[in-house]
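**Student:** Heads up: the sequence lines are chains S and G, in that order. Counting from 1, one number per residue, gives the positions in the first sequence under the working numbering. Counting from 1, one number per residue, gives the positions in the second sequence under the working numbering.
FYI, nobody ran anything at the bench for these hints, they're computed from the structure. These numbers were taken from a predicted model, which means no experiment stands behind them. Hints are not guaranteed to be accurate.
Unchecked claim - Once the Cα atoms are required to be at most 27 angstroms apart in a straight line, the calculated DSS-like pairs of lysine-lysine come out as:
1) S:Lys78 / S:Lys33
2) G:Lys247 / S:Lys111
3) S:Lys265 / G:Lys169
4) S:Lys74 / G:Lys7
5) G:Lys7 / S:Lys266
6) S:Lys265 / G:Lys68
7) S:Lys110 / G:Lys237
8) G:Lys27 / S:Lys226
9) S:Lys74 / G:Lys12
10) S:Lys68 / G:Lys12
11) G:Lys247 / S:Lys68
12) S:Lys78 / G:Lys68
13) G:Lys247 / G:Lys203
14) G:Lys203 / S:Lys74
15) G:Lys224 / S:Lys110
16) S:Lys92 / G:Lys7
17) S:Lys78 / G:Lys12
What the hints assert, rightly or not - According to the in silico footprint, chain G covers these stretches of chain S (three or more CB under 8 angstroms from chain G):
18) 41-51
19) 176-186
Cβ atoms here follow ideal geometry from the backbone N, Cα and C, with glycine treated the same way.
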Amino acid sequence: MDTNRIYKKDMVQVFSALKKLNISVIGQGFDEKQRLVFKKVSSFQELALDEITPLQPVKSFLFPPTEKVFSYAKQDEKYQITPETSPESSEKKVLFGLRPCDVHAIEYLKKFYDGHFPDQPILRYLENTIIIGIACEHPSNACFCTTMDISPISSTGADVFLTPTENFFVIEFLTEKGKSLQSAFSEVLKSSEATDVQWKQNIETETSKKLLEKIEINSIKGQINKAYDKPLWKKYSDVCVACGGCTFDCPTCTCFDMRDVMESKKTGYRYRAWDSCSFASFTLHASGHNPRNTKMDRLRQRIMHKYHYTVTNMQTWSCTGCGRCVRVCPVGINTRSILKDIKEALHE
Amino acid sequence: MSENIYKPYLMKVAEVRDETPDIKTLKLEFQNPAEGETFSFKAGQFGLYSAFGAGESTFCIASAPTRKGYIECTFRVAGRVTSQLRDVNPGDTIGFRGPYGNTFPIEEKFFGKSITFVAGGIALPPVRCVIWNVLDLRDKFKDINIVYGAKTYQDLVYKDELQQWQDAKDINLIKTLDPGGDKAEYGCNNWDGKMGFVPTVLKESGINGKGGIAVLCGPPIMIKLSLPVLVELGFAKEDIYTTLENKMKCGLGKCGRCNVGSFYVCKHGPVLTAADLATMPDEF
Numbered sequence: 001m002d003t004n005r006i007y008k009k010d011m012v013q014v015f016s017a018l019k020k021l022n023i024s025v026i027g028q029g030f031d032e033k034q035r036l037v038f039k040k041v042s043s044f045q046e047l048a049l050d051e052i053t054p055l056q057p058v059k060s061f062l063f064p065p066t067e068k069v070f071s072y073a074k075q076d077e078k079y080q081i082t083p084e085t086s087p088e089s090s091e092k093k094v095l096f097g098l099r100p101c102d103v104h105a106i107e108y109l110k111k112f113y114d115g116h117f118p119d120q121p122i123l124r125y126l127e128n129t130i131i132i133g134i135a136c137e138h139p140s141n142a143c144f145c146t147t148m149d150i151s152p153i154s155s156t157g158a159d160v161f162l163t164p165t166e167n168f169f170v171i172e173f174l175t176e177k178g179k180s181l182q183s184a185f186s187e188v189l190k191s192s193e194a195t196d197v198q199w200k201q202n203i204e205t206e207t208s209k210k211l212l213e214k215i216e217i218n219s220i221k222g223q224i225n226k227a228y229d230k231p232l233w234k235k236y237s238d239v240c241v242a243c244g245g246c247t248f249d250c251p252t253c254t255c256f257d258m259r260d261v262m263e264s265k266k267t268g269y270r271y272r273a274w275d276s277c278s279f280a281s282f283t284l285h286a287s288g289h290n291p292r293n294t295k296m297d298r299l300r301q302r303i304m305h306k307y308h309y310t311v312t313n314m315q316t317w318s319c320t321g322c323g324r325c326v327r328v329c330p331v332g333i334n335t336r337s338i339l340k341d342i343k344e345a346l347h348e
Numbered sequence: 001m002s003e004n005i006y007k008p009y010l011m012k013v014a015e016v017r018d019e020t021p022d023i024k025t026l027k028l029e030f031q032n033p034a035e036g037e038t039f040s041f042k043a044g045q046f047g048l049y050s051a052f053g054a055g056e057s058t059f060c061i062a063s064a065p066t067r068k069g070y071i072e073c074t075f076r077v078a079g080r081v082t083s084q085l086r087d088v089n090p091g092d093t094i095g096f097r098g099p100y101g102n103t104f105p106i107e108e109k110f111f112g113k114s115i116t117f118v119a120g121g122i123a124l125p126p127v128r129c130v131i132w133n134v135l136d137l138r139d140k141f142k143d144i145n146i147v148y149g150a151k152t153y154q155d156l157v158y159k160d161e162l163q164q165w166q167d168a169k170d171i172n173l174i175k176t177l178d179p180g181g182d183k184a185e186y187g188c189n190n191w192d193g194k195m196g197f198v199p200t201v202l203k204e205s206g207i208n209g210k211g212g213i214a215v216l217c218g219p220p221i222m223i224k225l226s227l228p229v230l231v232e233l234g235f236a237k238e239d240i241y242t243t244l245e246n247k248m249k250c251g252l253g254k255c256g257r258c259n260v261g262s263f264y265v266c267k268h269g270p271v272l273t274a275a276d277l278a279t280m281p282d283e284f
């Protein structure tokens with residue numbers, strides 16, 4: 001493995017090297033209204049790596065909330081359809097300092113959109129993205145990554161991985177994509193020391209103390225559908241206001257709507273937009289029939305999808321334990337508690 | 001592979017038929033003949049039909065794969081897209097993506113057996129695709145039974161074809177209207193079929209299901225009530241096929257709304273057996 005040190009004081013050169021390569025950098029920082037967000041940054045100082053994760057996931061840079069699919073135009077009674085390719089999708093970018101939970105989420109998005117019929121518009125974004133992960137020292141009070149089998153120091157899915165120390169990062173170049181940056185950084189890469197592996201272990205130990213207790217759910221993996229008819233759902237759906245926040249802020253929620261906009265008698269476009277299984281309209285048939293007619297049906301769908309349906313279809317949870325759904329919920333529904341309840345219900 | 005999986009084919013409307021006051025059939029040909037040459041599908045598959053400016057709707061391909069060069073769709077006018085599709089005329093252009101989904105295992109499972117079709121109302125189109133497929137290969141099958149019902153005479157689709165099937169000596173057609181559906185106000189005079197709901201008529205049909213295949217399609221309530229009747233007639237649950245329809249935006253397993261449990265209607269379905277259905281949550 002290619003492991004080096006890179007000193008924080010040298011990050012200016014890292015940023016200028018990326019700029020020279022025409023690679024834009026996206027990372028977490030504060031916007032003009034002092035909200036913690038993922039945004040395009042032009043210097044290391046703009047990053048707020050000592051913060052918890054932004055509430056809005058980074059997926060909006062890979063799977064935009066709304067995006068044109070194609071335009072149509074009618075000319076001489078004939079239609080022309082022109083697929084839209086957003087310029088951002090072919091822009092080279094680095095996601096800088098992504099936590100292991102969010103790196104896993106991107107791994108999931110890749111697997112999801114690449115399967116069955118590959119979704120090229122989204123895959124194009126992913127192809128042009130280099131992920132620089134970072135060991136997580138700053139979990140929020142809602143984080144439960146270890147419950148989802150993700151360690152706060154996991155580098156799986158990252159192209160480059162950083163372990164922060166006070167003055168430098170231990171930097172690992174893990175994939176071909178990651179190694180493509182190695183020469184650009186060469187001037188500031190310093191050799192690492194044998195003891196550098198210890199930094200990561202220290203972070204794992206310290207961060208694990210701050211995380212919520214791990215719930216052992218591997219014992220119920222593949223069995224969660226047996227909780228379908230248990231009474232636990234009602235407790236949560238009774239208070240749910242179906243705002244969809246948990247889905248929009250979820251880094252692994254993939255659902256979308258497609259709609260047409262008529263711009264003139266002869267022209268218009270089709271776009272897709274994030275959609276949410278929390279909304280009644282999501283599954284409502286034109287006939288008026290709705291297969292998931294109640295809030296309970298829809299809340300259960302969200303949970304079953306994340307913890308059972310993707311396990312069946314993709315052999316993986318579609319949850320990373322990032323805790324955003326818990327942080328955003330206006331009525332305090334806690335996904336981790338639902339998991340606990342499911343486990344209890346199954347053991348009754 | 002196309003550069004964008006959501007880009008539809010352009011289809012020329014070749015023919016428009018009024019089935020009922022709110023149900024239409026469109027016959028569609030590929031605007032680009034080269035695309036038509038390479039296009040093929042199998043019975044049971046569906047597509048997404050575009051009315052540009054309004055959006056897309058999902059319907060089965062109602063014509064048979066044994067009839068090349070065109071596809072047909074039959075739909076009820078219900079929402080934004082179907083309201084715009086209602087107004088198309090021959091020569092107009094609409095969009096089509098497909099074929100998507102799995103198929104009825106006609107060669108693998110149906111050959112050599114008796115086939116019983118059961119459909120209600122607007123659910124005849126997906127079954128019709130299989131019916132014509134089977135009839136075009138008539139000597140591969142034993143008895144053919146078709147049980148079709150609608151609320152009123154006016155709601156029966158493919159009336160000409162019903163007559164053809166009724167006249168054919170090697171088809172047993174049982175058609176029925178819900179009680180009160182044969183009134184003159186529905187355009188009916190001298191109804192020569194049965195009166196009663198599909199499950200009831202099916203029960204009294206005398207059809208022997210042993211060793212046969214059933215293809216069932218209808219509104220959810222009709223499916224739920226007809227399944228036990230088919231089992232009573234002797235059909236094995238593994239030999240009762242149906243096809244599901246749920247709201248879809250992509251048809252490709254991505255948009256996330258057509259699933260019934262782990263089963264995505266668009267990619268694992270739409271065709272499945274009563275045995276499959278029994279393992280799924282009641283979300284269809």
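**Student:** None of the hints should be skipped; say for each whether it holds.
**Tutor:** A quick look at each hint next to the structure:
no., hint, verdict
1, S:Lys78 / S:Lys33, "violated, 48 angstroms"
2, G:Lys247 / S:Lys111, "holds, 24 angstroms"
3, S:Lys265 / G:Lys169, "violated, 52 angstroms"
4, S:Lys74 / G:Lys7, "holds, 16 angstroms"
5, G:Lys7 / S:Lys266, "holds, 18 angstroms"
6, S:Lys265 / G:Lys68, "violated, 34 angstroms"
7, S:Lys110 / G:Lys237, "violated, 38 angstroms"
8, G:Lys27 / S:Lys226, "violated, 46 angstroms"
9, S:Lys74 / G:Lys12, "holds, 13 angstroms"
10, S:Lys68 / G:Lys12, "holds, 25 angstroms"
11, G:Lys247 / S:Lys68, "holds, 21 angstroms"
12, S:Lys78 / G:Lys68, "holds, 24 angstroms"
13, G:Lys247 / G:Lys203, "violated, 31 angstroms"
14, G:Lys203 / S:Lys74, "violated, 53 angstroms"
15, G:Lys224 / S:Lys110, "violated, 38 angstroms"
16, S:Lys92 / G:Lys7, "holds, 25 angstroms"
17, S:Lys78 / G:Lys12, "holds, 10 angstroms"
18, 41-51, "violated (count 0)"
19, 176-186, "violated (count 0)"
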